[in-house]
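**Student:** Here is what each chain is made of, one letter per residue.
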Amino acid sequence: VSEPEMALNNPGPTAGAREQDLIQSVQSGQHELFYELVRPYERRVYAAALAILRNEHDAEDAAQEAMLKAFANIRQFRAEARFSTWLIQITVNEALMRRRRERTVPMEGLDDHRSGRREEESDYAPCDFADWREIPSEALERKEVRQRLAEALGTLDRKYREVFMLRDMEHLNIQETAEALGITVASVKTRLLRARLMLRDLLAAGWEQGWFCRLPFEKGTKPW
Amino acid sequence: MVNHAVVNCEQVWREISNYLEVDVDAALRAGMDEHFRTCKRCASVLEGTRNVVALYGDERMIEAPAGFGRRLEKRLAQNTRASRWSTWSAWLVPVAALVLIAGGLQLSNSLANQRALKSQMEQAGRNIPPAMVVLVAADSKIFHVAGCSFIHGKQVRSLTAKEALKEGYAPCTRCLRKYLVASAKDPDEDSARTEIEVVEAEESHDAKH
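If you're matching them up, the sequences are chains R and Y in order. Last residue of the first sequence? That's 244 in the working numbering, and every number before it is there in order. Last residue of the second sequence? That's 1386 in the working numbering, and every number before it is there in order.
By construction, these hints were calculated from the structure, which means they are not laboratory data. Some hints could be false.
Stated by the list, open to error - Some chain Y residues near chain R, calculated using beta-carbon distances under 7 Å:
| # | residue |
| --- | --- |
| 1 | Gln-1188 |
| 2 | Ser-1194 |
| 3 | Tyr-1196 |
| 4 | Gly-1225 |
| 5 | Val-1230 |
| 6 | Gly-1234 |
| 7 | Asp-1235 |
| 8 | Gly-1246 |
| 9 | Arg-1247 |
| 10 | Leu-1253 |
| 11 | Gln-1255 |
Even for Gly, the Cβ is constructed at its ideal location relative to N, Cα and C.
Could you build all of it, start to finish, from the sequences and the hints given here?
**Tutor:** Pasting the structure below:
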């Protein structure tokens, strides 16, 4: 488990106790505290909806609707589950339901119960970037870098993007990701492998093209 | 010491994600570790993949549009207020229903406790002294005071007004007129007319008999 994941999923003893207090207060009728309870996760909820719907307006609406559903069902939340995971799962359900209902998102790729299974199970050979260098996390301070990373993620097929988003960005575990998307654990692992390797190739190429170099941005000339 | 499996590059790529998840058995892990030490290309793939997980897993990668939190808070506030009202109304509705049912039961009980009327023509009396001795005829549904011409010559039995009311008798509109509800507001107000009507009624009654 990575450090960021630890930090995101375990708010710490003080924050965790505070979260439990807030949950119990809202469950016992102090509804005005609900926003305080969900505020730490509002961006993650939005991002999960966006990963599935790929439209900012729809994602915001779905995120709000998911929060309202979480509020309406707060009494059903049990302490043995992580609150953040519970919220994300509600959001994924809401977004998937919208996508099925509205069908506004163009179909991308093929589901594994169709012809995609063979492709998913086939080996993926990563590009040969032997001189890969680590991208310093400080690079994320720059909006351009975050945007390039988001664009790279956006080029992935839906089935890879969704698994990657839930596992590596929302930090659901493999089992939770499978449950949220209604696919098998084996499918999650296969798609996750493919997504990570493809992103690695994209980012390595970007590194070669200077995506993560500060100099071109400072001179006002973008390398792409 | 764990025996390590001998793995090639393709096997490493296939398992590299599970390796990062710490989801490979000890022998395979040892074999992959050995492979990374000797294969520069696979070591690069491993570091690159690890870098991807670290970068995208950073919270800064998750952004929401400007004002998203404010709009969410507003919408939640609207709904939590509505929910509070619905919680109250959820209590109020059954409570109100219970009150109505209880009131209805009390009303129906009070109506049930009233004696059934024996005559459709009768009028309810008011303030009739309960101990007043009244007379009822065997074939009549009206009670009278002694001397009322309407019971002239009939076989009667005596009882108190309270008992008569309890048994369902109604006050006579002639001899007990002043106690009738319709004229109970001011029994003396139309006493003159009453006297006339009484005389006329007596004359009419006598003429029939």
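**Student:** Each hint should be assessed against the structure and marked as holding or not.
**Tutor:** Verification of the hints:
1. Interface restraint check: Y/Gln-1188 against chain R, minimum CB-CB distance 10 Å, threshold 7 Å, status violated.
2. The restraint placing Y/Ser-1194 at the interface with chain R holds, with a minimum CB-CB distance near 4 Å, inside the 7 Å limit.
3. The criterion of a C-beta within 7 Å of any C-beta in chain R is not met by Y/Tyr-1196, whose closest approach is roughly 10 Å, and the hint is violated.
4. The criterion of a C-beta within 7 Å of any C-beta in chain R is met by Y/Gly-1225, whose closest approach is roughly 4 Å, and the hint holds.
5. At a threshold of 7 Å, the smallest CB-CB gap from Y/Val-1230 to chain R is about 5 Å, leaving the interface hint in force.
6. Evaluation of the Y/Gly-1234 hint against chain R yields a held restraint, the C-beta minimum of about 5 Å falling below 7 Å.
7. Given the 7 Å rule on beta carbons, the hint for Y/Asp-1235 holds: about 6 Å separates it from the nearest Cβ of chain R.
8. The closest approach between the C-beta of Y/Gly-1246 and any C-beta of chain R is roughly 5 Å, which is under the 7 Å cut-off, so the hint is satisfied.
9. Interface hint status for Y/Arg-1247: violated, as the beta-carbon distance to the closest one in chain R is roughly 10 Å, over 7 Å.
10. For Y/Leu-1253, the shortest C-beta to C-beta distance to chain R is roughly 5 Å, which falls under 7 Å, so the interface hint holds.
11. Hint on Y/Gln-1255 is violated. Least Cβ distance to chain R is approximately 10 Å, over the 7 Å limit.
Violated hints, listed in ascending order, are 1, 3, 9 and 11; each of the other numbered hints is respected by the structure.
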